[in-house]
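In case you want the letters, here they are:
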Amino acid sequence: MSAVTPARADAPGAARTRALRPRSAAGALVLLGVVMAVALVAAVAIGAAGLPLREVVAALAGAGDDTTRAIVRDLRLPRALLAAMTGGALALAGAVFQALLRNPLAEPYVLGVSGGAAVGAVAAIVLGIAALSPWVVPVAALAGALAAIAIVFRIAAAAGRMLDTRVLLLAGVIVGAFFNAVILLLLTFAEAESFRSAVFWMMGSLSGASWSTAALLAVYLLPAGVLLLGLARPLNLLAVGEETALHLGVRVERVKLVAYFVASLLVAASVAACGVIGFIGLIIPHALRLAWGSDHRFLLPASLLAGAAFLLVADTAARTLAAPAELPVGVITALIGVPVFVLLLARRRV
Amino acid sequence: MSEEREVRDVVAAGSASPGGAAPGAPATANAGAPRAGASGAPAGAAAGPANTDAPAVFTARGLRFTYPRAAAPALDGVDLDVPPGGVYAILGPNGSGKSTLLRVLLGALAPQAGEARYAGRALAEWTPRELARRIGVVPQHEELAFPITVRELVAMGRYPHLGNWRREGEADRAAIEQAMIRCDVLDLADRPLATLSGGERQLVRIARALAQQPETLVLDEPTAALDIRHEMEIFELVAALAAAGGVTVVLVTHNINLAARYASRILLLDRGRVAAEGEPDAVLTRETVERVYRWPVVVERHPGPGRDAGAPQVVALAGEGGGDVRGSKAAE
Numbered sequence: 009m010s011a012v013t014p015a016r017a018d019a020p021g022a023a024r025t026r027a028l029r030p031r032s033a034a035g036a037l038v039l040l041g042v043v044m045a046v047a048l049v050a051a052v053a054i055g056a057a058g059l060p061l062r063e064v065v066a067a068l069a070g071a072g073d074d075t076t077r078a079i080v081r082d083l084r085l086p087r088a089l090l091a092a093m094t095g096g097a098l099a100l101a102g103a104v105f106q107a108l109l110r111n112p113l114a115e116p117y118v119l120g121v122s123g124g125a126a127v128g129a130v131a132a133i134v135l136g137i138a139a140l141s142p143w144v145v146p147v148a149a150l151a152g153a154l155a156a157i158a159i160v161f162r163i164a165a166a167a168g169r170m171l172d173t174r175v176l177l178l179a180g181v182i183v184g185a186f187f188n189a190v191i192l193l194l195l196t197f198a199e200a201e202s203f204r205s206a207v208f209w210m211m212g213s214l215s216g217a218s219w220s221t222a223a224l225l226a227v228y229l230l231p232a233g234v235l236l237l238g239l240a241r242p243l244n245l246l247a248v249g250e251e252t253a254l255h256l257g258v259r260v261e262r263v264k265l266v267a268y269f270v271a272s273l274l275v276a277a278s279v280a281a282c283g284v285i286g287f288i289g290l291i292i293p294h295a296l297r298l299a300w301g302s303d304h305r306f307l308l309p310a311s312l313l314a315g316a317a318f319l320l321v322a323d324t325a326a327r328t329l330a331a332p333a334e335l336p337v338g339v340i341t342a343l344i345g346v347p348v349f350v351l352l353l354a355r356r357r358v
Numbered sequence: 060m061s062e063e064r065e066v067r068d069v070v071a072a073g074s075a076s077p078g079g080a081a082p083g084a085p086a087t088a089n090a091g092a093p094r095a096g097a098s099g100a101p102a103g104a105a106a107g108p109a110n111t112d113a114p115a116v117f118t119a120r121g122l123r124f125t126y127p128r129a130a131a132p133a134l135d136g137v138d139l140d141v142p143p144g145g146v147y148a149i150l151g152p153n154g155s156g157k158s159t160l161l162r163v164l165l166g167a168l169a170p171q172a173g174e175a176r177y178a179g180r181a182l183a184e185w186t187p188r189e190l191a192r193r194i195g196v197v198p199q200h201e202e203l204a205f206p207i208t209v210r211e212l213v214a215m216g217r218y219p220h221l222g223n224w225r226r227e228g229e230a231d232r233a234a235i236e237q238a239m240i241r242c243d244v245l246d247l248a249d250r251p252l253a254t255l256s257g258g259e260r261q262l263v264r265i266a267r268a269l270a271q272q273p274e275t276l277v278l279d280e281p282t283a284a285l286d287i288r289h290e291m292e293i294f295e296l297v298a299a300l301a302a303a304g305g306v307t308v309v310l311v312t313h314n315i316n317l318a319a320r321y322a323s324r325i326l327l328l329d330r331g332r333v334a335a336e337g338e339p340d341a342v343l344t345r346e347t348v349e350r351v352y353r354w355p356v357v358v359e360r361h362p363g364p365g366r367d368a369g370a371p372q373v374v375a376l377a378g379e380g381g382g383d384v385r386g387s388k389a390a391e
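In order, the protein sequences belong to chains S and U. The opening residue of the first sequence carries number 9 in this note's numbering; numbering runs sequentially from there. The opening residue of the second sequence carries number 60 in this note's numbering; numbering runs sequentially from there.
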C-alpha cells in the first residue's frame, strides 16, 4: 500500500501543471509563508463584528475605542495565533507520523492520542467538574492524551522489537477503538447539556482561545518544531527503509522514539487546547507531497506553514459564515479539504 | 576443519597477493598471527595481536547467532577474514546464513557468541555514522514509502558525512555526480525512482553507496532478478571498483558462476557453518558444491574468450545425472 504513489510530476504530461507553481522547494516555502501571513492578517481583520480594516490596524497599534481593542487584541489575535499554531502542529505531526509509520494514510490521531484526550475531556464534562475552572477540560484532555501515548507505547514496546511500526499502528488503532467505547459509555450517562458540550468539544473549536492557551501551545510548539525539523534527513532515509537508514548512519530506534514522542506530545497539546480537529494532519502533508515531492527537509516546514494557513482560513470561515452562530471548524476543514484533495489526486493523473 | 581452513588461507595469501606479496607474509602468518597475515596485510601491521591500526577488513571469530524461536542457529561458529582489496563473495544455499552473517558484520545484529571486527575494532564500538563513512551498503530489499527521484536517493549517501543539519557543499555535490557517472545513471537523475527498471534501480542504489565514498562496499544479492546485461554490468562495475578504486567489495550472491569469475575469494556457507573458504578454484570443487547444495554438478572451465577464461564454472546436472547424489543424500 505504501509504495503505490510514485510522483508523476516529472512525466511529460505534467509539465503544464508544474509551470504553474514554484519549481524549487525554497520558492514553495516562500509562497506558503506569504499565504500564511495573508491568512493571519485576514483572520484578524475579518469577523462577526464587521470592523473596518483601518480600525483593526489602529486597535492593533493600541489606539481606537475599548470595545474594538478588546475584540481585536483579546479575541481575534490570540484566536488567530492559536489557529495558526494548531494547524501547523497538526500538519507537522501528520507528516512525521506518515514518515514514521511509512504509511501515507497515517494522521495525527491514528495512534490513539485524540481518543485518550477525548476520554479525559468528556469525563470532565460529564462528571460535572468542567464547570470548576476553564482549565479543567484542557488539563483532563492532556492527561487523557498522555495516558494514551503511554499505553500505546507500552503495547508496542512489549511486542518485542522497539517501535515496530506495524505493531505501533495496530496498538494505536486498538487503543483508539477502546477509548471510543469508553466515550460512548460516558455519553450514555450524560445529561442533555453536558452531552451537547461534550459532542461540541469532540468536533473541535478554537472558541476557547485566549492569550494563555496560545502562549502554552507556543511554549511547546517551538522546541518540538525545531526538534522535528531536525529529523527531516533521518526521516527521508527511514522512508527508503530501516535497514538502509541504519547503514547510512541513522540511529534508527532513537530517531523513531524521538519522532514518536515529540509528535504525539504536539498532538496532545493541540487537542488539549482546542479539541479534535480532523483532516489537517492527513490532507496537508499529502497535498504538499503531490505538489512538491516528499523531501522532508521541505515537507516538514511546508506542512507547518500550510497547516497554519489552512486552519486560519477554516476558522475564519467557521466564525463568519453563519455569524453570530459558529460552525464546527472540523466540519469546515473537511468540507474544504476533501474536495481540494480530490482535485489534487485527479490532476496528478493527467 | 578450522585448521584446514588456516592452511588454505595461508596458501591463498601467498599466491593471491598482487605484485608478489612479500615472501615473508606466509612466514609471518605461520609465526603467530596467522589470521592477520592471511588478510594480506604488510607484515609490520600484522605484528601485534591487538591491532588497532589494522587494514580495512572484516574479521570474525566463532560467530554464533540464533533467531528467536528458531530451531537451528543461523550462524554456528563462523570465522572469517576479508582481505583488503578484491571482491569477496559469500555463497551458500538458501537459509545457510549469508544475510545473517552480513548483518552481524555490519553491526545490525549482535552475535550471541564470538566477535566481529571491522578495521580491527569490534562492531559494537562503532557508531552507525562512523561505520557509514567507511562502508557503503546496498541492502537486498528496499521499499520506498514515498516517491523520490534518483538524485535524491543518491544524495542520501552523503548523510553520514553531513548529519542532520549541514548543507551539501561543493565536495558533496561532486561526490554525488561522480557516483552517478560511475554507475552510468546520470541521465536518470531527475526521474522518479518508481519509473526505473529493476536493473537501473540497482545501479542507482550502488551509486548511493558510492556517494558515501566508502573504502568497503557491501552488496546483498545485488543481481537477484536482473537480466544478463544488468547482472554483468553490476559485476563488471564492482570488479572495476575493487581493481582500480581500491575498494574492498563484499557481496552475497546466488550466482556461483559469476562469483567464480569475479571474486578473488569465496566463502561457502552451509547451515550456518563455513563449508569452504579460499580462492574460487579451491572452493568450487565438485565434492564441495555437491555436499553443500546437495545436487549433482560437474565443474567445467570457463571457455573464454575474456580475461576470466579458465575460471571454474559449476553446471548443475539434470535428472539422470542425479543418481549418485541421491545416494549421498540418503547417506546423510
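In case anyone wonders, no lab produced these hints; they're calculated from the structure. Heads up, the beta-carbon is just placed ideally off N, CA and C, and yes, glycines get one too. Don't take each hint at face value.
Unchecked claim - Derived contacts from chain U toward chain S, CB cut-off under 8 Å, selection only: (1) L165; (2) A169; (3) E184; (4) P187; (5) P198.
Consistency of the hints with the structure:
no. : hint : result
1   : L165 : 6 Å, holds
2   : A169 : 13 Å, violated
3   : E184 : 15 Å, violated
4   : P187 : 5 Å, holds
5   : P198 : 5 Å, holds
The earlier numbered hints that this structure contradicts are 2, 3.
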